[in-house]
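Student: Sequence:
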Amino acid sequence: MAEERFLYERISQRLLEQIRAGNYAVGERLPSVRRMSALFGVSVNTVMQCYRQLELEGYLEIRPQSGVFVRPMDTDVVAPPDEARYPLLPVEVSLSEQVLEYMALHARPEVVRLGIALPGPEVLPLGRVMQVMRDVTRHHPIEAWDYIHPNVNSPLTHQLARRSLGYDQPFAAEDIIVTNGCMEALTLALRSVSKPGDAVAVESPTYYGTLLLLEAHQRRVVEVPAHPRDGISLSALEEVFARRRVSACMVATNAQNPLGFTMSAARKQALVALSARYQIPLIENDIWGDTVYASAQALPAKAWDREGLVIYCNSFSKTLMPGMRLGWTVGGRFHRRLLELKQLSTITSPSLSQLAMGRLLESGFHARHLRALREALYRQAVQMQSLVLAAFPAGTRVTLPSGGCVLWVKLPDGVDSHELFAMAAQADIHVFPGGVFSATGEYRGYLRINAGNPVTDVIRHAVQQLGDMVAQQMAARSH
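In case it helps, this note's numbering puts the sequence shown at residues 46 to 524.
Derived from the structure by calculation, the hints contain no laboratory data.
All the pointers check out, no bait thrown in.
Now the in silico label distances, taken between C-beta atoms and shown as ranges:
(1) Glu128 <-> Thr501: 36 to 42 Å
(2) Ser390 <-> Asp458: 43 to 49 Å
(3) His463 <-> Gly165: 22 to 28 Å
(4) Asn198 <-> Gln263: 33 to 39 Å
(5) Gly165 <-> Asp191: 30 to 36 Å
(6) Ala467 <-> Leu134: 29 to 35 Å
(7) Arg413 <-> Leu61: 31 to 37 Å
(8) His463 <-> Pro215: 42 to 48 Å
(9) Asn68 <-> Arg413: 38 to 44 Å
(10) Phe410 <-> Ala521: 49 to 55 Å
(11) Leu145 <-> Ala439: 33 to 39 Å
(12) Arg55 <-> Ala521: 50 to 56 Å
All C-beta atoms in this analysis are idealised placements derived from N, C-alpha and C, irrespective of residue type, glycine included.
Using the sequences and the hints, build the whole thing.
Tutor: Shown next, in the form of structure tokens:
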């Protein structure tokens, strides 16, 4: 595994050096996959992963039946943040009323759902999951009826433990606590390492659900700038850690929502090293980790955790069935406290979901499904990015995520995404304005769009309508 990652990163770095040196010009075709495979003495699959990742990062464009080409870098990539604009000071969070208002529209069946980050049912195996649930209730009714206590190992926790085989410190089934979705895992983690009034570091922009969680539990937030390709600024985070301004850091290293980045293995290692140096816990939200398109890059930061300071949180809500409400956490040195909090709050998690998920993992079905899901989400994200760039006025920038299904859209100067939300709602289109991804409302000029559904004529029309609305805002401001 380590050798595969080394080859992957070495080839990617060599290609980047050639592109940056101008040896391959914009629009020029790169060597074929087979030629690169022979040149470096690696498999065709390894070369394809390199090309795919560099495409996700905005350097290349893969054209079916034509080849791989260098793409212009200034047309569709959101610029990195100006780190000097971030004060790195604790602030209060008060977003709940706004976010609840923006979420409510998703419940209306007539709207075009481009707001909530979720793969559509068309790309999730609803039929297979329901079949397994029926089989479990038919053949194991008592087990499905009874509690599965969080301190009891199960087929599910045994299967989950196998994921850590390649980690520096693999975990066992008894190290896993099953939760009611990833949000409960994050809640338990937050409560185990901080208290009301404490400050917690987060990426900026960050998932609004993280901010709501901090608000609900009376924690303040320190926003640390994040690069759209590289992730959280490690230098800024070290400054925060060194000044002892936070009790913990909540971070996503894979397919982060909303920026879509996946941190490199080296940066994940450096992040864990920072946590160990300053003895500040990391709460890792890896809910999108299984959807990283280049799956060889999807190891979490937890994989390099030797001191038990990384509390790992995940869920099957984004990859299988959100209604199962099935998540899990590995608490490291905080395991006992997490277990206590779990038993004092929700006691346990639904037995039927755990039994069914254990079967889906044990049979190999989930792994096969993930391969198909990654391909579908990547295809949909590329299509949606093209639609947005074609429909929106000049000056629009769109990041293509490394996994998951959300696009982070930089609107032309002067356009307000919160006004755009109101205009779109009147047309039965649901999007998420950028301001709620920061406690300070920093990103009003940005928009998050879900690409989790297959592109249809309805979606094409909705995106064109959004583009027209952006143009209307620009015209109104020019008068």
